Each structure stands twice: as C-alpha cells, then as structure tokens.
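Protein sequence lines correspond, in order, to chains A and B.
Just so we're aligned: the first sequence equals residues 300 to 750 in this note's numbering.
Just so we're aligned: the second sequence equals residues 35 to 373 in this note's numbering.
Be a bit skeptical, because a hint or two may be false.
[Claimed, not checked] The list that follows gives simulated cross-link-like pairs (lysine-lysine, BS3-like), each with its CA atoms no further than 27 Å apart:
1) A:611 <-> A:648
2) A:607 <-> A:653
3) B:226 <-> B:338
4) B:335 <-> B:224
5) B:224 <-> A:355
6) B:365 <-> B:283
7) A:460 <-> B:338
8) B:259 <-> B:70
9) A:418 <-> A:345
10) A:418 <-> B:338
11) A:521 <-> A:561
12) A:347 <-> A:611
13) B:335 <-> A:460
14) A:611 <-> A:579
15) B:226 <-> A:355
16) A:730 <-> B:226
17) A:456 <-> B:224
18) B:226 <-> B:335
19) B:70 <-> B:338
20) B:338 <-> A:456
21) B:224 <-> A:345
22) B:138 <-> A:355
23) A:347 <-> B:138
24) B:224 <-> A:730
25) A:345 <-> A:561
26) A:561 <-> A:510
27) B:257 <-> B:70
28) A:351 <-> B:283
29) A:418 <-> B:138
30) A:351 <-> A:521
31) A:351 <-> B:138
32) A:611 <-> A:510
33) A:420 <-> A:456
34) B:365 <-> A:422
35) A:510 <-> B:138
36) A:582 <-> A:345
37) A:420 <-> B:284
[Stated by the list, open to error] Here are some chain B residues pointing at chain A (derived, C-beta under 8 Å):
38) 97
39) 146
40) 150
Derived from the structure by calculation, the hints contain no laboratory data.
Given the structure is predicted, the values throughout are model-derived calculations rather than measurements.
Ideal placement from N, C-alpha and C gives every residue a C-beta, glycine not left out.
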Amino acid sequence: MDVLLLSRIQFAFNIGFHYLFPPLSIGLTLMLVIMEGLYIYTKDEKYKVITKFWTKIFALSFAMGVATGIVQVFAFGNNWGRFSKFVGDVFGSALAFEGIFAFFLEAGFLGVLLFGWDKVKPKTHYLSTVLVALGAHFSAIWICVVNSWMQTPAGYKIIGKGHEARAVVTDFWGMILNHSSLVRITHVLIGCWLTGSFIVLSVSAYYYLRKRHLEYARITMKIGLIVSSILVILQLVSADSSAEVVAKHQPAKLAAMEGVFKTETHTPIVIIGYPDMEKKEVKGLKIRSLLSLLTYKNPVTAVTGLDKFDEKDWPNVPIVFFTYHIMIYSWGAMVMASIMGAFYFWKKKLENAKLTLMLLVVSVLFPYISNQAGWWTAEAGRQPWIIYGVLRTSQGVSSSVRASQVVGSLIMFALIYSLLFTLFIFLLNRKIQHGPEESSDLKLEEFRVKI
Amino acid sequence: MELVILWYLVVGLSATAYVVLDGFDLGVGMLHLFTKKDEERRLMLNAIGPVWDGNEVWIVIVAGTLLSGFPDAYATICSVFYTPIMIFLAGIIFRAVAIEFRSKLPQSRWRNTWDVAFSLGSYVITFILGVLLGNLVVGIALDSKEEFSGSFTSFFTPYPILMGITAIAVLMMHGAIYLNMKIDGEFHAKTKRWSYRSMIFFVIMYVALTISTVIFEPHMIEKMKLYPFLFLVAALAGAIIYNVIRMLKKDNSGWAFICSSIALALLIGLFGVGTFPVLLRSTIDPAQYSITIFNAASSEKTLKILLTIAAVGVPLVLAYGYWIYRIFRGKVRLDSHSY
C-alpha cells in the first residue's frame, strides 16, 4: 500500500474514533445546561444530583475527546503536508478563532465545572457550565466551517503554479459563510444534541428496567424525551436543506448518495436497494419522482446523474450510497424510539413497557451510527477531491513521509485506541452502575479496600 | 513593524505560555513516581487537576499559530518529524487519560499502572519537545524542494538529546516549585527537597548545554555578538534562577514560582533570538534552503485577520484564565470532587 492510501486509512480511523466523543460531549453540555438550569430555577436538590452525575460522564467523554483531538491538530501537517501548505492561509483564521474562542473557553471553565462546586456560588457555577457548553459548540462550528470550505470553497483565489500553488483568502466572510457552512453546522450540531439526549434516555431506561434510582430516572427520562422528540423533527428539516445545498454544489455526491447513474426526469428515491456498479444502475425499491420533488420541489425536474461526470471524478458510489442510507435508517429508528417512549411516558405506563424500555436502552447507538455514517457520506462523497473541484486528495499528501512510518503510526493508534475504547466503556459502565446517588463513592471504596 | 514579525511574536508567546503553564503539569508528572504514598500522589494530581486541561490547549495554539501564519513551516516540521511527533502524541494521549482514569478504581495495581502512564507520558512529551527544539537549532537535511532526506535516528544526535534532557531538568524544577507552592503539611518539606535537587540537575544540564551551543552551534550566538545587551538577558536568567533558591529558602514559594516562570520565558526568548528568523534550518545550505518566517508566511490579509483575532482573543483568555486560577488558588485539599 502507498502513503496516500495508508494516510487516508489513518485519517479515517483516527477521526472516526475521535468523533465518538465530541458529539457526546457537545450533546451532554446541552443536557447539563438544561439540568443545572432547572436546579438554579427550582432550587430542587434532585436536579443538582443528576447534574453532578452527568457531569462525571461528560468529564470522561471530554478527556477522551481532548486526548484524541490533539492528534488531529497535527494530522494535517503529519500526513497532509501539501494540503496544509495549500490551505494554511485559508484555514488559518478559522482555526485561530477555534483555538482562541473555543478550546480555551471549554478547557478553562471545565475546571470550575468539575472542581468548583464548593468553591463558587451556584450561579457562578452555572455560568461556567454555560461557558463550557458555548466553548464546545464553538469548536464544532469552526471545524465545520473549515470542513465546509473543503466541500464548497469560496472567498479565495489561487496563487502560484504546480507545487507552489496555494489558496489565499480574498473575502474573509465569503470564506467563512461559504455555501454549505450554515446548513452543515446545523446538521452536525443537531446530530450532537441527539447523541446527548439519547444517552440520557438510554441510561434512564436502564434504571427503569432495573427499578433503580427511579426518583432521578423519571426526571431525566422526561427531559430526554422532550429534547429528543423536538430534535428528530428538527433534524429532518435540516437534512432537507443540506440535501439542497449538496444538489446545487456537489451534484456528483448527491448522485452517489441516491445512486443516480442516469440523468432523467422524475428521479426516484431508493427506499432500500444497492448500486450495481457493473450495470450502472440501482436495484431495489424506489419511489418515482420523489428525489426530484425533494430537491427541486418539482416532481419532473431531472436530478444530475453520474453520467454527467467523468468516471475519474466519481466518488466511491457503494460507500456513499450505503452510509447515506444507513444514516437515514438510523434516524428512523430514533424517531420510533422517541415516539414510543413519549407515548408510554404520557400514558404513565412506561415503567411496565419492557420492550419500549429495551429499545430505549439500545437507542443510544442510533445517533452514533447516524453521526459516523453521515460523516462517511460527507467525506467519501467529496472524493476524489480533498478540496472539492480544486485539489485532489492525491495531491494533498505529505511528500517526505514514507509508507513504513504510516504503517507504524497506524498500528500504534490501533493499539492505543482499542485499549482506550475498552477502558472508556468499562468506566462508563461503572459510572452508570453506580448511579446518581450521592454516596461519596471514594470513601465507600476506601472502606471496601480496608475490609 | 512587519506583520510577519508580529505574528512570529504571537507564536513565540504561545510557545512560552505552553512551556510555563503546561510545563509545571509535565514537571509534576515527572516527579509523580518519586513518592509511593497514594495520598501524596493524589495531592500532586489535584494540584494540577483543575487547570492542566486549559494549559495543554496552548500546544494546540502553537501548532495552530504555525499552521495559520507559517503554513510551510508547519507542514514541513510535522511531516519531517513524523515519527517523533507520533511518539509525542502517544505521550499526550496517555497522560490525559491517566489523569482521568487513575482515581476511578481503588485497586493499587490499577492506580500504579496509571501512575506510570502519567509519569512516563510526561517524560516522553518533555523529552521529545526538547529533542525537537534541539533539531531546530542543529537543522536538518532539507533541500531546495523542502524535501527531507534523513531517517528517524538522524534526529537523535548528541545536541538534541542534551536539549531533551535539559528540558526534563528544567520542567522538573518548575514542577517541584509549583508543588512546593500548592502543598502544605508534611509533604511540603519533601517538595522543597525535590526543588533543590532538580535545580542542581538543571544547572548542570544548562551549563553543559550552553558550552555545547557555543562550541558546536556558534550560529546561535551570532546575534548575541551583534547585540551584546543580549548577554545581559542570559545573565538575568542566571540571576533569576539564583533568586529562586533564595525565595525557596525563605519559604516564599509563590515568588519562587514566578521567578522560575520568568526564567523559563527568558530561555525561550533566547532560543527565539538565536534562531530568528529561521523556523527550520537546512543543514544542506542554511542560507538558501532554510524555512524562515519570511518565505513561509501567509498572505498579508490573513496575517492582519489573525492579528486582529489574537488582539481580541488573547486578552480575553488571559482575563478569564486569571479568574479561574484565582478560584483554585491556595493549598490543595482533597474532597469528594477530587481525582
């Protein structure tokens, strides 16, 4: 294997692993802002207990996110040196915003959030929670801006030729607010919030099933159900506007997502199926005209197919097709979980609705699957470009890195990340098993050790 | 003043902030195994507990300021030093999760494992950073296309290794003084002994490094010869180190820590003066192929935007950073929220 392929595998693996944590952290900050807000508003100690409990899970996720995130800061230069030289001028200001206004905000006030309970007034503590949440959201926003620029570059010009070529900012706001920034930020943030609300739902449902900590689980179940029900609908709206932008600016990606090989009127949507790459057609269950209708609000208008592009400019169609459909199925599962949960909760029968509770327990996987699959669609769909229509991925790789070095680092990351993942799940499970009850667990454990 | 020079100062100040702030976290990490008592180890962890995360952000800022202002330098440094940076990242990962994981279980085997990970991680991070700085002084085989023809072992020559060990010594000293400031009771006396011993270690290393610099890397002191007042800066650093000892003797650990921080900042400053304006020195032809702040800079427009962001953002960060440090001022106490 060559440096290019190995570097792509390493980037996909590292960012995929990293992306297990930021959505959880970002989503949980929203939940914490709600929970601690209720504590400040009602002064009911129960809310403080659940806030503290979820703060601990947030801290675990945050630590994993930081540890794996720093790797990404260097990855651009490590493996994608030529890409870094090309985009440094453009990315520079966005990343500077991220560093100064996001990372410091979240990492700085995290200390107060975790260790400041007895050191500052409740309202000051709440302010720190809100600032951590803001910081977490800002980092998502800026990194999405940069990624969106790679999808729909704007506000720049290219200077130099060949090896020396690079992009230079000509219009700062045009670069920041490129065609896809806003819709993609919205789509990603809702995905994060869904992750936060579904982990709260899942843990609460687990306590329902085990009949433990019910006093607290009822509160968090209610919060989780309200938030997730709103979000699944919002995500549908956001998905629709994302697709419109993709149709307009990255037609080859949309064609791959729905497997549109031929440009024809009444373009269908594929409910379930697979792309046959040899015959260049999609087999499966389709609904006629629906894609045209969704994209152009007109059932007749043809959606641009892959036949309009040279095959060397195609993304990997099966990957984009499948990950896109998996994302949508997974969204469907979230809709089902929140409807069923809300229905039984409203009827006050949730405690005995075993099946629904079990569905809610596993439901935390759905946003995870959607997040990962969604990013695969977005990034694999951008190929073979690293900057859509401007720079090919093959032109972005570092020149002085050898394949053996990347193999080495890939093995290293695979080992470290497997270890970390196991430990993360183990510690997360321990926290959940321990529950929100305020028995100072350290003293209890020290007591146990002495026995 | 030219924009590139201003931005170079921002990079330098970020690097200084990283070394001064995360420096004491790393120092505490390297001293971590010097005590075997669980309670003392917990005190050490909690001395840095609420702040280390924010301190670590500065290394991200250093990388970010390089990428944004000097993309060529960032790209070349990161890809040339690929393997050392990977080892550095492994250190960063292990240190971060070790701090978070260690106190989650009471079993001593679990805790000892993460103690070793925390400490080893801190050594690796410090040593590799020192070796990197050493290589930036010595230079690497960089040709006209900014391509590098060398191997992993070529980074571990005597001078960079000496720099790596000096980095360990200076941050150990810095960490010990920080602990001395944050810890009272019986443990306080022990941290004082650590401070003295690591200072001796540092002074020996520093003298050795200075002599080797003068003999083997004379280009580092060319500017000092041009502007002799720079020798005063070096002398000042020495005087401040001496003052650290005085303050420790008087048990004024707050001032000892401030002096240690200033000394660190001056040392970074001397490094910056010695290498300026070169970011990555070419040994093939230093004058022709080196990457400097002038040939690696972003466009003027971007530098202007960057400086505006920094002018607004950095004071803000420093203001709330100061506020956060004030909340956690005073001696460490263990409570139910501690690690």
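**OP:** Measure nothing beyond the straight line between the CA atoms of residue 351 of chain A and residue 138 of chain B; if it is 27 Å or shorter, mark the hint as holding.
**Re:** Holds, at roughly 16 Å.
Original post:
Does residue 97 of chain B meet its interface restraint, that is, does its C-beta lie within less than 8 Å of any C-beta in chain A?
Top reply: holds (5 Å)
Original post:
Does residue 226 of chain B pair with residue 338 of chain B here, judged by a C-alpha cut-off of 27 Å?
Top reply: Given pair residue 226 of chain B, residue 338 of chain B is violated - Cα atoms ~46 Å apart, limit 27 Å.
Subject >> Agreement of residue 226 of chain B and residue 335 of chain B with the hint, judged by alpha carbon distance not exceeding 27 Å >> reply: Violated: residue 226 of chain B and residue 335 of chain B sit about 50 Å apart, past 27 Å.
Original post:
Can the restraint linking residue 365 of chain B and residue 283 of chain B be considered satisfied, given a maximum Cα separation of 27 Å?
Top reply: holds (19 Å)
**OP:** Could you grab the alpha-carbon distance between residue 730 of chain A and residue 226 of chain B and see if it respects the 27 Å cut-off?
**Re:** violated (38 Å)
Original post:
Within 27 Å, alpha carbon to alpha carbon, are residue 611 of chain A and residue 510 of chain A?
Top reply: Not OK: residue 611 of chain A and residue 510 of chain A at ~58 Å, beyond 27 Å, violated.
Original post:
Does residue 460 of chain A pair with residue 338 of chain B here, judged by a C-alpha cut-off of 27 Å?
Top reply: holds (25 Å)
**OP:** Double-check residue 146 of chain B for me: the hint is only fine if its C-beta lies closer than 8 Å to a C-beta in chain A.
**Re:** Nearest chain A Cβ about 14 Å off; hint violated.
Subject >> Satisfaction of hint between residue 138 of chain B and residue 418 of chain A, Cα-Cα up to 27 Å >> reply: holds (22 Å)
Original post:
Given the hinted pair residue 607 of chain A and residue 653 of chain A, is their alpha-carbon gap at most 27 Å?
Top reply: Since the Cα atoms of residue 607 of chain A and residue 653 of chain A sit roughly 52 Å apart, the hinted pair is violated (cutoff 27 Å).
Subject >> Distance restraint between residue 70 of chain B and residue 338 of chain B, which requires alpha-carbon spacing of 27 Å or less >> reply: violated (52 Å)
Comparing the model with each numbered hint stated earlier shows that hints 1, 2, 3, 4, 5, 8, 10, 11, 12, 15, 16, 17, 18, 19, 21, 24, 25, 26, 27, 28, 32, 33, 36, 37, 39 and 40 do not hold.
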